[in-house]
Amino acid sequence: MTPSDHILLALLIPTLGAIVIALVGRNANLREGVTLVTAGLLFVNVLQLLPVVLEGGRPAIAGFEVTPGLDVAFQVEPLGMLFGLIASFLWIVNSFYSIGYMRGNKEPRQTQFYVAFAVALAAAMGIAFSANLFTLFLFYEALTLSTYPLVAHHGDAKARNGARIYLLILLSTSIVFFIPAILWTLSLSGTLDFTPGGILAGKADATTTALLLALFAFGIGKAAVMPVHKWLPTAMVAPTPVSALLHAVAVVKAGVFTILKVSVYIFGSDHLLATGASEWLVYLATFSLLAASVIALTKDNLKARLAYSTVSQLGYIVLGAAIATPLALIGAGMHILMHAFGKITLFFVAGAIHTATHKTEISQLNGIGRVMPFTMGAFFIGALSIIGLPPLGGAWSKLYIALGGMNGEYWFVVAALMISSVLNVAYLMPIVVRAFFRPPDPDDHSQVGVAADDTLSLRERLAEAPWFCVVPLCFTALACFVLFFAPDIVEQLLRGMLEVPQ
Amino acid sequence: MIAAHLPALQVVIPLLAAPLCAILRRGTIAWVIAVVANWLAFAVSIGLLFRVLDEGVISYAMGGWAPPIGIEYRVDLINVFVLLVVSGVGAVIIPFARAGTAARFDSTNQAWFYTMYLLALTGLLGVTITGDAFNIFVFLEVSSLASYVMIAMGRDKRSLTAAYQYLIMGTVGATFIVIGVGLLWAMTGTLNLYDLAQRIPDIENTRPVLAALAFLTVGISLKLALFPLHLWLPNAYAYAPAVASAFLAGTATKVGIYLLLRFFFTVFGGEGFFLSTPLPEVFLVLSVVAIFAASTVAVFQNNLKRMFAYSSVAQIGFITLGISYATETGLTAALVHLMNHAIMKAGIFMLLGCVIYRLASMRIDDLAGIGRKMPFTTAGIVILGLGLLGVPGTSGFISKWWLVLAALENGQWWLVALIVIASLITMVYVGRFVEAAYFREPSEKAMNVREAPLAMLIPSYVLVAATIYLGFDTTWSVGLALDAAASLLSAAY
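So the protein sequences, as listed, match chains F and X. Heads up: the first sequence at position 55 corresponds to 54 in numbering that gives the first Met the number 0, and the numbers run straight through without jumps. Heads up: the second sequence at position 383 corresponds to 382 in numbering that gives the first Met the number 0, and the numbers run straight through without jumps.
No lab work stands behind these hints: they were computed from the structure. One thing to keep in mind: the hints can contain errors.
Claimed, not checked - So, partial list: chain X residues that the calculated Cβ filter (under 10 Å) puts toward chain F: (1) L385; (2) V390; (3) L404; (4) L407; (5) L423; (6) F438; (7) G470; (8) W475; (9) S476.
Bear in mind the structure is a predicted one, so any value in this text is a computation, not a measurement. Every residue gets a Cβ at the ideal spot worked out from N, C-alpha and C, and that includes glycine.
Isolated chain F (complex conformation) (with noise of 0.2 Å):
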């Protein structure tokens, strides 16, 4: 098979997957073995492209042409590369987690949920390895109306508020800010191919390039850059996978992924450098990064606090790609794999909570790691890969975005991810010390409060969620660590994006 072939095929599997899931939905656990041998074979297939792209390959499918200047096409760069490993590999653990989390909460209609998460994880695929704006736009609202009766699942009146503004926020910064910025684009490049080092150079001046990124950063609004952010924490009242589907497999990873693109296709590192034309979005970016860690630290429900983290998260991101310097855009994409992995982590644990224990907020969770032991432990792994620090993945992708700072000359970045890094602290660790420091509170009637009797062994007091659920977080934890002592490849890979041919 040709590389082409496999491009085709990432798109074929999830949309095959998603009718087959829909035709045997009847029966549960063919309908499971489905989405998982899918969620494999994806993942598989999107392997084989690695090494083509590290050696510098970029498989293509030239398409076909809807209208002059409008053009269906993919192809494969290292930027798209890493974003559908991610989508597909953490498919797979989803697709485990969610068997586990929606049979153990008994959660109704779950075949139309199994069937549009395939949907959604065909959308992210077009996403990554679209090659011109006009494609990517065709995924990123393909991705969004498949996400919705994922966000509105439990049909109530909160469920359906939630998605109304989830819809209501991508769908119209899409068509008021998105839609008018690739017109623009075309009218000033006259193509909207994404090309190393950038169409616009020479063609748009300091004032333009500047609004231009304004749109895009507005109309991309699933990469929750503040203040179009609030789609984000009213989604939270989705069932957990598709929490994690929306804060690390796909939907805010599409977001910042599309931004990341724009700036180095589109925009292109130099020509952001050389005209100044996205310090603003610097000071933004870094605003929305600080705001919403302060905001994260007055929320008590944890699904709250954790989508305000996210929040935070993917300023980092749009950070690096405001940056534009070479090391700042690395950073920005490594952030999107290290986030990802973390932040999955953290919210299996918030579902799996649920799932044991019917606890959401975070007051309520005074001694739950002594039921909980390997639940809270990955929480806390996972929360020091968010916060940055050794040995987790996390650390690598701050410090490339912060000596990317360095290297355009924003000190006061620097500063303000390390007061982050406090935030993170300081919005994170609370949990991880009531869960295992504090004592069970004394009217907690549930088995968190079975606990506080210490004559209990560990094996007695044990209360953890399904191993469906367990297991799947453990890994992503064990995986934040992995990912330490693997920033080389994936800054080998990330290098690739930013080679211009001469």
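Keeping the supplied structure of chain F fixed, place chain X upon it in accordance with the hints.
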């Protein structure tokens, strides 16, 4: 042999089929006749398209009487494009018509319904194909009278007043058109469009000719429901039987657009004259107002058919907006949207027909929760609704894309903003449907329904598929429209 007579067959087939239905008086037989006649008409349109692509403009002397004494049928890219839309949309609707019609009418009335349908089709095809100004008027009346009857056959008593309203407004419009044609005849001594086009440029600034232009503009605008002459449309579409709503929404107003283009550009001589009149500004303003006013009103409708009827008024605004630019891009946008909107709106009204078939109501509250009971019907409406919004991947996006290109060509950046805002309003009313259908507890009525029969769903989904297909392959929409626009601007006929 047959190929030579295609222009005549285009009209004669449905014209002969209509009385056949009336004579046989049996619903099923009448339906079969209507299907065969409509499909043949579509095949003839396709045949004509290939002939036009092959050999250019076809001139056909009706009955062997050479023009200008006889009536000439004249087919060029512009009207063959519209013929294709009209007969094509009809060809999809007519198989769909069976289930709904059989459930409501006895056998005789079914036959009458198909008779009227075929007469309306005949009229619309005749208006489009003929090269004779008075003949246009005659066929317009044929189609209008048949439409009034179809609308009056709606299940709601209000359909009678709606039909009456349309009759009054339609007759006023027709009168204006006939006055305009009369003035042109008085000034030039010919009714043949080709001859008119030759003679008018010499006298185009005389008062009677300008008066004729004014009468024709108002009369035709009434027919195509240009704001503020749209008042007949919402009730007519809302209370007509679903088949009639779908057919009229897809075809009748589109033929009006065709007439506008034909008179403005062919008869009155290319873009030069059009741009020298105040018409471009008038159309620009009215179109923008139509888009906003009608979309906003649509948001507040509780009857879904009325909602999408107002949406039609807004979408017609997009078409006339393209016309107002009188550039190749603008006219292409107009023609492309003419086709795309015909397909989308006919599809929506058909799927609403599926809902009525099961639920017997169009009130948005009664539709609550219908997404779970009629998943395919609802999903189809959502996809077509996204098309109306102009989401990429649907044909609606292609139309808007070209419209925006046309606006940019004229340096009107602000128009891009307006189009974007209009899409947002569209999102609100389509969103109201989505919200009710998917996110409310099923209403009492909706609890007991099931999915519509395949005989209704399959034809509807042909149009859904077409909407998506035309969002990716634009050879037959943009490709043809570009050539047609070029020939309009050069007034080649």
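Verification of the supplied hints:
For L385/X, the interface hint holds, since its Cβ comes within 10 Å of a Cβ in chain F; the closest pair sits about 8 Å apart. For V390/X, the interface hint holds, the least distance from its beta-carbon to any beta-carbon of chain F being 6 Å, beneath 10 Å. Interface hint at L404/X: satisfied, since its Cβ lies 8 Å from the closest Cβ of chain F, which is below the 10 Å cut-off. Because the beta carbon of L407/X sits about 6 Å from the nearest beta carbon in chain F, less than 10 Å, this interface hint is met.
With a cut of 10 Å, the hint placing L423/X at the interface with chain F holds, because the nearest CB-to-CB distance is about 6 Å. Contact between F438/X and chain F, as hinted, is supported at the beta carbon level, the nearest pair being about 4 Å apart and thus within 10 Å. The criterion of a C-beta within 10 Å of any C-beta in chain F is met by G470/X, whose closest approach is roughly 7 Å, and the hint holds. Proximity of W475/X to chain F is violated relative to the hint, the smallest CB-CB distance being about 12 Å (cut-off 10 Å).
Because the smallest distance between the Cβ of S476/X and any Cβ of chain F comes to about 9 Å, under 10 Å, the interface hint for this residue holds.
Of the numbered hints listed earlier, the single one contradicted by the structure is hint 8.
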